[in-house]
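Chains as they are written, first to last, in our numbering: chain A, 1 to 338; chain B, 1 to 549.
Keep in mind the hints are simulated off the structure, nothing from the lab. Hints are supplied without guarantee of correctness; some may be wrong.
Output of the computed footprint for chain B on chain A, the stretches with three or more beta carbons under 8 Å from beta carbons of chain B [as the list claims (entries may be wrong)]:
no.	segment
1	98-105
2	266-278
3	304-310
For lysine to aspartate or glutamate, the following EDC-like pairs were computed, each having C-alpha atoms within a straight-line distance of at most 20 Å [as the list claims (entries may be wrong)]:
no.	chain 1	residue 1	chain 2	residue 2
4	A	226	A	167
5	A	157	B	129
6	A	157	B	14
Using N, Cα and C, we set each Cβ at its ideal position, and we do this for glycine too.
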Amino acid sequence: MRPEELLLPTPQGLYSPAGDFFVDPMRPVARALVTHGHSDHARPGHGAVLATRETLDIMAIRYGEGFAGTTQAAAYGERIEIGGVAVSFHPAGHILGSAQIALEWRGCRIVISGDYKPGADPTCTPFEPVPCDVFISEATFGLPVFRHPDPAAEMAKLMGSLALFPERAHLVGAYALGKAQRVIALARAAGHDAPIYLHGAAERLTAYYAGAGIALGEVRPVREAKPADLAGRLIICPPGALADVWSRKFPDPVTAFASGWMRVRARARQNGVELPLVISDHADWPGLHAAIRATGAGELWVTHGEADALVHWALLEGLQARPLHLVGYGEEEVEAPT
Amino acid sequence: MNRFAALLDRLAYEPRRNGKIRLIADYLRRTPDPERGWALAALTGALSFRNAKPGLIRELIGARTDPVLFALSYDFVGDLSETVALMWPTPEQAANGPAPPLSAVVHAFATLGRSEMPAVLTGLLDRLDETGRWALLKLITGSLRIGVSARLAKTAVAALGTLEPDAIELVWPGLAPPYEPLFAWAEGHGPRPETEDPAPFRPVMLAHAIELPDFAALDPAAFRAEWKWDGIRVQAVRAGGVTRLYSRTGEDIAAAFPDLAEALAFEGAVDGELLVLRAGRVQSFNVLQQRLNRKGVTPKLLAEFPAHIRAYDLLADGTEDLRDLGFEARRGRLERLVGAHRGARLDLSPLVPFVTWDELASARADPAAHGAGADAEAVEGVMLKRADSLYLPGRPKGPWWKWKRDPHLVDAVLMYAQRGHGKRSSYYSDYTFGVWTEEGELVPVGKAYFGFTDAELLEIDRFVRRHTVNRFGPVREVAHAPDQGLVLEVAFEGLARSTRHRSGLAMRFPRIARLRWDKPPREADRLATLEAMLQDPLDASPPPQGHAR
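Next up, chain A with everything else stripped away, as it sits in the complex:
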C-alpha cells in the first residue's frame, strides 16, 4: 500500500482517508486529532477532538469549555481505533501534554511528530522515539546554524545580569504557553528563589502548570505590583509586550527573549532584545537528525519550517524525503496569542 492511503497533506492539514480524520487541522473539521495546545495546531470549532488530557485542558483555557462538539482524552501509549486505523499518542517533549501521534493501518505505521524536542525539560514528559515507516517532522530550526546551547548556561546569563544590574527590572519575553513556564522552572533550577512576576497573558496557563504538579515556586501577577518595586525582579511577558508601552513602566528594564531564534543576531536586534537567551522548545539541527534516525523510518515528510534543508540532509542520508509545505504552522511564535 501507499502511505498516502493512510495520510496525506490537504489545504486544511494532514488528512487520513483510511480513518476519515485530520491531524492538527487549521480549519474546523468533523474529527480532529491534536498534537499540542499551541494555537497554530489546536484550533477551536471542530466537531470532535481527540488529544491528551492536558491538551484538552489547555484548549479549554484558551478557547472556553465549548471549543469542540465532543472531546476524548488519550493517554500516552493507549491504543484507540478510529475507522480501522490504530491511533496512539506518545510524548513529544515540546510542552505540557504535547504528543506525537502514531497511526497504524495494514502494516504501515506513520508518526506525526507535531512540534518536538529531545532533551530535558522539567515541565513536560520527555520525547520518546517511536519506530515507524514514515516519520513526519517539523523543521522550525532545520538549518545547521541552529545548535541550541545548554539551557542552564543560557539561564546563567540571565542570573549574571540580575546580579550585575540589581537596580533594573528584567523582562523576559517568552511565549505564554510552555516557554514561560519552562523559563520559570529553569530559573528555579538555577537557584533563583525570589517571587517571579507574570504578565496577564501567562497567568492562567501558569496556574494550570502549577496545578499539574510542576514546581514553579512563588509567581505573582505583575499587575498587582508597583513598578518601582520590581527592580532586580524577573518578569515574564509575551514577546510582543517587550516593545510595547507596557514595558516602559518598569525601572530601566533589561529586555531578554527566550527563543531558539535568538541564535541569529538579526532576530534579536529586530526585536530590540538586549539579552538574547537561546532556549528553545524545538529540536535543533543535531536534535532533528537524532530523532529521525531513532525512529528507523525509511521515509521523512517535513511539515513546516526549514523543510528544504532537512529534506536535503535526509536524501544525503539515503532516506526518501519530501517537504509538505503546510501553510500556517509556526505561527504561534510570530503571533504570541494571549
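Given the coordinates of chain A, assemble chain B onto it according to the supplied hints.
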C-alpha cells in the same frame, strides 16, 4: 581579540545610543594603547584588508560543509560572517593557545600574502568560539553592522574626558590608527593633534529633512534657500599645488575626475555638488550615474560626461578657515572666489529668492519657473540654511534643512519575495512588485527592500509564507491575481527607460510607502500610468541602482 569580540557582541545587542557610548568608552578606558586604537579603527571603518575577501571565507566554509546547506543557511541568516561563525565545525581537539591580541590580528591580516591567508584564518577560526569567530570575520571583511557609526565611536572617545564630539571630528581627518595622540588629548595629558596635510578633508555639514510642522517655528527672514542638486556632494580642496576632491565621507575621488581636478584654479576649500553639464545644462542624475559606473577613465568618457562643480559654500579661502563665519558671510566670500575663477568647470549655485514659506513652496513645486530653468530636471528640492549658521560637522538640528520634492507614488502588486540581508535578515523583505498591462497581466516594474516598519515587515513576511505559490531557489512567488494578493503603495524619485526590465522602465530609489491591505490587486496602477510619468522619454540609459547619499 577576546575583549574586542566581547565588546562587539555587547554592542550588537545594545539598542540605546547612550548604552553603546558607555560600552565603547568603558572598553577604551580599560584597554591599553595600541590595542584600543585598533579597536577604534575597526569601529570607525578605518581598516581594510585587501586579501581578506568574502570569497576566501566562502572557500574555507565550502571545504567544510555541504554547499546546499551552506546556501540555505546563508539565505536564512543573511550575513556571511555570522553564518560561517555559527556553522564552522569545531575541531575535535581543542586548538592550541589563547586568541592573539587585536593588534596582532590586524598586523597579520594587513601584511599576509594571499597564499598564506587561508591557513592563518583557519587556525584562528579553530581557536575562537562562536562570538570570536563572528567578530574576527566582521573585522577582516570590514562590515561590522552592529549599529555603531563612526560618529558614535568618536563620541565615546570624547566621553573619555571633557572634549566635545565635534572637536574630535575636526582633527579626525589628519589622524591614523592606533590614534595614540588622540587618546592622550582626549584624556587630558596631551596636546591637540595637528594635521600635516596641506589639503585636508573638512568634515561636512549635513541637513535634516524638514517636516511641514517644523515651519511653524521657523522665521523665513532668518533663512536663505538654494536648489538641492541631484548630484554628488563634493569638497574640492586646493592648497600648495595639491588638489583633492573629497566625497562626503572624506574619500579622495580626484582620480575618477581628472578633467575636473585639472580645471580648478582657486586656493581654498569649496563645498558643492558634482554634476555633469552638457552645453551649460545640468544633466539628470541618471546621466551622472553612467559616468560613475565606468571603471576606466577614457578620453571618450571625459568628453561625453564633463564633470563640473556647482559651489554652495566656502570652508577655507586660501589658508583662512571660514567655518566659524555665518553662512551669509561665507557666501559673500564664495561669490568673490567663484567670480574670479577662470574656466567653465566651477560655477555658483544660485540663491532662490523668497519672502514667505508659501513662495518657497511654489519654487519647490516648479523650479523651472523659479530660476532653475533648463536645469530643473536635476533639482530634487530646496535647501534651507540659516543666514547665521556656522559650518558645523555632522548633522546639527536647526541650522540647515532639506526640503525634497514629493516622491511619485504608485500602487503595485507584490509578485515575488526574497529574504533580506543585514538588519532585515531571515525575513522575506526584498519585494518585486508589478503593475497591470493593457492585456491584464502583471509585469514587474521594480524591487524595494525598505520603507516599511518592523511591524509591517512581520505582516508581509507572514503574508508571503502563507501565499507562496511557487519557489525558485531563494525566491518565492506569491499569489498575485486580480482578487488575491497584496497591494503596495510604492514611492520613488524618478523613472527612466530601461532595456534590462521587461516593463521597459526602471524606478529610482523605490521604497514601500504603505501597505494597502484594503485594496484589491485589480485596482492597482497600470503600466500606462507609469509611462506617462517618464521624465526623459529619449533617455534609454541603464537604470540607476538607487544611490544613498
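Status of the hints after comparison with the structure:
Counting residues of the segment 98-105 of chain A whose beta carbon lies closer than 8 Å to any beta carbon of chain B gives 0, which falls short of the minimum of three for the stated coverage. Coverage of the segment 266-278 of chain A by chain B holds. Counting CB-CB distances below 8 Å, 10 residues qualify, and the rule asks for three or more. Coverage of the segment 304-310 of chain A by chain B holds in this model, with 3 residues showing a Cβ closer than 8 Å to a Cβ of that chain against a need of three. Distance hint between residue 226 (chain A) and residue 167 (chain A) is fulfilled; the C-alpha atoms sit about 15 Å from each other, no more than 20 Å.
A threshold of 20 Å between alpha carbons decides the hint, and for residue 157 (chain A) with residue 129 (chain B) the separation of about 17 Å falls inside it, so the pair holds. Only pairs whose Cα atoms come within 20 Å are accepted, and residue 157 (chain A) paired with residue 14 (chain B) is accepted, the gap being roughly 15 Å.
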